[in-house]
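Asks: Protein chains in written order, with numbering that gives the first Met the number 0: chain A, 0 to 482; chain B, 0 to 482.
These are calculated hints, taken from the structure and not from any lab test. It cannot be assumed that every hint is accurate.
[Claimed, not checked] Result set (SDA-like, lysine to any residue): computed pairs, CA atoms no more than 25 Å apart in a straight line:
{"hint": "1", "chain 1": "A", "residue 1": "Lys43", "chain 2": "B", "residue 2": "Asp281"}
{"hint": "2", "chain 1": "B", "residue 1": "Lys239", "chain 2": "B", "residue 2": "Phe161"}
{"hint": "3", "chain 1": "A", "residue 1": "Lys83", "chain 2": "B", "residue 2": "Glu54"}
{"hint": "4", "chain 1": "B", "residue 1": "Lys144", "chain 2": "A", "residue 2": "Ala93"}
{"hint": "5", "chain 1": "A", "residue 1": "Lys43", "chain 2": "B", "residue 2": "Arg100"}
{"hint": "6", "chain 1": "B", "residue 1": "Lys43", "chain 2": "A", "residue 2": "Val135"}
{"hint": "7", "chain 1": "A", "residue 1": "Lys83", "chain 2": "B", "residue 2": "Lys29"}
{"hint": "8", "chain 1": "A", "residue 1": "Lys43", "chain 2": "B", "residue 2": "Lys185"}
{"hint": "9", "chain 1": "B", "residue 1": "Lys239", "chain 2": "A", "residue 2": "Trp118"}
{"hint": "10", "chain 1": "A", "residue 1": "Lys307", "chain 2": "A", "residue 2": "Asp273"}
{"hint": "11", "chain 1": "A", "residue 1": "Lys141", "chain 2": "B", "residue 2": "Arg99"}
{"hint": "12", "chain 1": "B", "residue 1": "Lys441", "chain 2": "B", "residue 2": "Ala463"}
{"hint": "13", "chain 1": "A", "residue 1": "Lys141", "chain 2": "B", "residue 2": "Lys29"}
{"hint": "14", "chain 1": "A", "residue 1": "Lys1", "chain 2": "A", "residue 2": "Glu20"}
{"hint": "15", "chain 1": "B", "residue 1": "Lys43", "chain 2": "A", "residue 2": "Tyr46"}
{"hint": "16", "chain 1": "B", "residue 1": "Lys185", "chain 2": "A", "residue 2": "Lys141"}
{"hint": "17", "chain 1": "A", "residue 1": "Lys239", "chain 2": "B", "residue 2": "Asp23"}
{"hint": "18", "chain 1": "B", "residue 1": "Lys43", "chain 2": "B", "residue 2": "Glu54"}
{"hint": "19", "chain 1": "B", "residue 1": "Lys144", "chain 2": "A", "residue 2": "Trp118"}
{"hint": "20", "chain 1": "A", "residue 1": "Lys43", "chain 2": "B", "residue 2": "Arg40"}
{"hint": "21", "chain 1": "A", "residue 1": "Lys43", "chain 2": "B", "residue 2": "Ile48"}
{"hint": "22", "chain 1": "A", "residue 1": "Lys43", "chain 2": "B", "residue 2": "Gly419"}
{"hint": "23", "chain 1": "B", "residue 1": "Lys144", "chain 2": "B", "residue 2": "Glu85"}
{"hint": "24", "chain 1": "B", "residue 1": "Lys43", "chain 2": "A", "residue 2": "Ser132"}
{"hint": "25", "chain 1": "B", "residue 1": "Lys29", "chain 2": "A", "residue 2": "Arg73"}
{"hint": "26", "chain 1": "A", "residue 1": "Lys144", "chain 2": "B", "residue 2": "Phe339"}
{"hint": "27", "chain 1": "B", "residue 1": "Lys333", "chain 2": "A", "residue 2": "Thr44"}
{"hint": "28", "chain 1": "A", "residue 1": "Lys354", "chain 2": "A", "residue 2": "Asp311"}
{"hint": "29", "chain 1": "A", "residue 1": "Lys5", "chain 2": "A", "residue 2": "Glu411"}
{"hint": "30", "chain 1": "B", "residue 1": "Lys144", "chain 2": "B", "residue 2": "Phe339"}
All values derive from a computational prediction rather than experimental measurement.
Spelled out, the chains give:
There are 2 protein chains.
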Amino acid sequence: MKLDKKSNFSEWYNTVIREAEIVDDRYNVKGFVVHRPWGMRILKTIYRIYEEALEEHGHEPVLFPTVIPEENLRREEEHVEYFKAEVFWITHGADRLLPRRLALRPTSETAFYYMYSYWIRSYRDLPFKAYQSCSVFRYETKATKPLLRGREFLWIEAHDVFSTSEDAYRQVREDMEIAREVIYGKLAIPFMFFQRPQWDKFRGAEYTFAADCLMPDGRFNQIASTHYLGQRFAKAFEIKFLDRDGAWKYPYQTCYGPGIWRILAALISIHGDDHGLILPFDVAPIQVVIVPIPSKDVSYDELIKYCKVVEDRLRSGGVRVRLDSDPDVTPGAKFYFWEFRGVPLRAEVGSMELKTRSVTLCRRDTFERVRIELELLLDAVEDLSRRIFDNLRSKAERELESRIVEALSIEEVGESISKGLIVKAPFCSVDYDGEPCGEKLKEAYSAEVRGIRIDVEEEPPDGAKCIVCGRPAKHYVYIGRSY
Amino acid sequence: MKLDKKSNFSEWYNTVIREAEIVDDRYNVKGFVVHRPWGMRILKTIYRIYEEALEEHGHEPVLFPTVIPEENLRREEEHVEYFKAEVFWITHGADRLLPRRLALRPTSETAFYYMYSYWIRSYRDLPFKAYQSCSVFRYETKATKPLLRGREFLWIEAHDVFSTSEDAYRQVREDMEIAREVIYGKLAIPFMFFQRPQWDKFRGAEYTFAADCLMPDGRFNQIASTHYLGQRFAKAFEIKFLDRDGAWKYPYQTCYGPGIWRILAALISIHGDDHGLILPFDVAPIQVVIVPIPSKDVSYDELIKYCKVVEDRLRSGGVRVRLDSDPDVTPGAKFYFWEFRGVPLRAEVGSMELKTRSVTLCRRDTFERVRIELELLLDAVEDLSRRIFDNLRSKAERELESRIVEALSIEEVGESISKGLIVKAPFCSVDYDGEPCGEKLKEAYSAEVRGIRIDVEEEPPDGAKCIVCGRPAKHYVYIGRSY
């Protein structure tokens with residue numbers, strides 16, 4: 000199997016997630032996949048890192064039922080209007096028709112907020128910040144793709160409640176910051192943070208914000224979104240608190256959805272190469288694999304004995320290490336196998352290493368090799384892990400920057416999109432009055448207006464015109480295709 | 000609210016899980032509960048400890064879909080016969096009838112083994128050991144009770160495949176060992192390990208084994224079960240492997256279900272007292288709570304400053320610590336609050352402690368207090384955490400032992416059961432020919448034959464007779480009521 004990420008990303012992606020045993024899409028229900036051990040270990044690590052970050056920022060873990068009664072969904076009008084086209088319904092228990100049908104949660108606002116009306120009573124209960132890690136279910140009619148679009152997919156959802164609108168907006172910024180700490184800071188994935196156009200917001204929200212990274216085929220991948228809900232759900236679910244001034248008030252809410260599946264899709268796609276996955280050190284299930292290189296001048300037992308010394312040394316330093324000592328597999332086959340799975344460092348141990356009490360380390364990202372004395376091994380691993388991280392991240396950043404082009408006419412948009420680029424352009428408005436212009440771009444090029452960046456400040460020059468309608472441009476927006 | 004665990008366990012239990020914010024049963028779907036932060040933190044820790052133990056014993060993490068198509072369930076006859084009376088069915092996506100209905104997993108044999116037929120091909124793939132942490136769904140018609148019987152509940156399921164029957168039976172023993180390491184070794188919960196009577200086995204298994212602990216009302220609580228499946232599912236799902244001898248063979252399987260919910264129920268019920276929860280150190284979300292004791296001869300700021308020194312010291316030693324510095328709440332109210340939540344150690348810091356650079360530690364289990372110099376604090380905490388653990392466990396063991404009585408007639412069984420005891424008695428057979436005797440006990444006393452112990456060796460004396468039918472007794476069995 001010859002991989003070619005650049006010229007056929009889709010085939011590359013499908014091959015890698017199958018062969019690296021990330022997910023298996025042969026389960027016999029459309030859009031539902033099985034997470035295999037290697038993928039599951041990475042997912043669990045991403046979950047752990049994200050949960051730790053959420054908890055450091057004051058969120059508590061909770062877990063709500065998988066089912067939501069229809070009456071809850073109906074409480075917020077826009078919300079049910081949108082999601083009812085995507086809901087799986089449970090109608091029977093054994094042979095009995097249930098008294099009322101239950102939705103498999105497509106998202107859990109209407110489960111959480113039903114309980115928040117019990118839990119939140121006083122300004123002393125606020126801010127209230129809780130999250131759950133779970134899967135959600137959507138009856139997708141579009142084509143499904145593992146880790147990008149499924150009928151069951153994995154995410155985290157955080158649901159926060161504040162006494163003031165300012166606090167809620169501050170949370171939106173904090174959500175962006177948490178995404179940066181985790182996705183950029185630990186997974187080496189650069190992203191842009193947008194305020195989405197009003198016509199593309201989460202149904203039930205007042206404003207939607209989202210992190211988009213860029214996949215190798217030039218399409219946006221939304222890896223997290225956060226929504227300013229204002230008081231809409233509070234009013235729908237009668238969540239009220241007694242404020243310091245003695246008055247009962249509706250609180251302000253936000254909800255935040257890091258897409259753990261989509262983050263994994265980005266991790267695989269952005270860092271991988273034609274040899275398979277490349278995993279940053281922090282999320283690699285195995286960080287260093289030790290491969291013994293047998294030769295005539297040393298016994299296999301002696302070699303393995305020394306390999307175990309190396310293994311112990313690494314493990315004692317907190318490194319997730321694996322000694323691949325199977326004598327029936329060639330070193331070459333082992334190299335191929337672990338490279339494909341993205342193990343960031345390989346430690347080769349042959350007769351030379353044994354004689355000199357050293358280890359040859361090979362970087363998965365550059366294939367650079369360096370021989371290190373055993374005594375300096377832990378330091379070298381730490382140093383190389385940082386270099387790999389920096390290299391992956393700066394490569395990804397260069398790639399992202401090189402894909403952004405500015406356009407000053409709608410024709411230029413089309414041209415750039417067809418080349419797999421994303422377009423920055425002056426645009427009339429991301430409020431509802433800009434929707435017709437957004438629709439035109441979608442019809443002409445299947446491209447979406449992803450919104451205004453709130454992670455950088457940028458304004459179109461005075462007198463700039465919307466590239467679609469020619470009215471004065473209020474903002475720069477970013478336009479491209481998406482997953 | 001006055002708690003009395005001894006005289007009214009059921010009320011004690013309901014009050015404790017509600018007031019300690021373990022779960023909330025006010026969600027508006029019967030049998031589905033919400034896990035609140037304090038309970039969720041404990042659950043997550045139990046999950047982590049159990050997952051680590053499973054992984055140390057060679058299991059890999061996976062995650063399967065929440066839904067199972069009906070055709071999979073139908074593959075194994077006994078299995079579907081039993082579970083079809085307990086399955087929730089998904090019939091619609093949006094307004095559309097699905098081409099075939101989907102079950103919410105009641106257990107995942109028929110999902111796992113469908114994929115195992117793809118994954119397992121050669122003796123080199125064996126043993127294959129995988130687990131998932133998830134919730135499962137059963138349309139219970141009996142009364143539900145949080146953490147003990149629910150329509151959605153949390154567990155782990157491990158599904159293992161071996162080339163020989165011996166290997167599979169060895170796994171049953173290992174499953175018992177893992178339960179011992181975690182449940183007895185980390186959570187201080189003693190249990191008995193049974194081979195269940197054939198009429199009470201998991202449907203689809205050849206033999207069922209299970210860990211039962213004893214709740215304070217004298218009822219058994221099954222906290223884990225493991226099943227020897229033989230080749231039944233392998234044949235139903237066409238799982239075959241090419242053995243060393245070149246022949247295609249059906250492998251032997253086991254499945255193992257630690258009931259994380261029920262383990263939490265046991266943890267709460269067995270260790271708790273009339274002041275609330277008592278948590279062993281390893282699973283306590285907060286292991287030490289620091290409570291400042293204000294007084295006239297010291298400023299609050301100074302006190303808090305020293306409390307922070309204590310906090311840092313504990314944190315640097317890896318202790319999960321919380322400083323409860325709220326000046327608007329009295330120390331007494333703080334004591335009550337954290338005692339109720341089961342925090343194993345309280346560090347009291349007043350003017351005396353400040354002056355002498357010391358801390359007064361109070362044990363949650365005995366309320367014993369001891370003043371310790373700051374320099375010795377970490378050692379003292381470690382020592383006390385072990386003493387608390389030992390005390391909880393030996394108390395629980397004494398309690399369990401004191402509840403077991405031997406009976407030599409069916410009347411004695413009835414008497415003992417009604418007193419909340421469990422009965423050890425000679426019994427004819429746990430094979431199908433003993434079922435009528437088991438039925439009689441159930442009808443007469445609502446008591447179940449829980450099976451033969453395999454964790455201890457015990458045989459009835461020569462000539463012993465079954466207490467029900469008077470035939471020669473093959474075994475000692477244990478009889479009691481259960482959750």
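Asks: Does valine 135(A) lie within 25 Å of lysine 43(B) when you go C-alpha to C-alpha?
Replies: holds (20 Å)
Asks: For the pair supplied as a hint, lysine 185(B) and lysine 141(A), confirm whether the alpha-carbon distance does not exceed 25 Å.
Replies: The given pair, whose Cα atoms are some 48 Å apart, is violated under the 25 Å limit.
Asks: Can the restraint linking lysine 29(B) and arginine 73(A) be considered satisfied, given a maximum Cα separation of 25 Å?
Replies: Holds - the C-alpha atoms of arginine 73(A) and lysine 29(B) are around 19 Å apart, at most 25 Å.
Asks: Check the hint pairing lysine 333(B) with threonine 44(A) against an upper bound of 25 Å on the C-alpha distance.
Replies: violated (35 Å)
Asks: Take a quick look at whether lysine 141(A) and lysine 29(B) sit within 25 Å of each other, Cα to Cα.
Replies: violated (34 Å)
Asks: Are the Cα atoms of lysine 144(B) and phenylalanine 339(B) separated by 25 Å or less?
Replies: holds (21 Å)
Asks: Can you confirm whether the C-alpha distance between lysine 5(A) and glutamate 411(A) stays at or below 25 Å?
Replies: holds (23 Å)
Asks: Does the structure keep lysine 307(A) and aspartate 273(A) at a Cα separation of 25 Å or less?
Replies: violated (31 Å)
Asks: Please work out if lysine 441(B) and alanine 463(B) have their alpha carbons no farther apart than 25 Å.
Replies: holds (22 Å)
Asks: Are the Cα positions of lysine 43(A) and arginine 100(B) separated by 25 Å at most?
Replies: violated (30 Å)
Asks: With a cut-off of 25 Å on the C-alpha distance, tell me whether lysine 43(B) and tyrosine 46(A) pass.
Replies: holds (12 Å)
Asks: Starting from lysine 144(A), check that the Cα of phenylalanine 339(B) is at most 25 Å away, please.
Replies: With Cα atoms ~48 Å apart, lysine 144(A) and phenylalanine 339(B) exceed 25 Å; violated.
Hint check: violations occur at hints 3, 5, 9, 10, 13, 16, 22, 26, 27; the rest are consistent with the structure.
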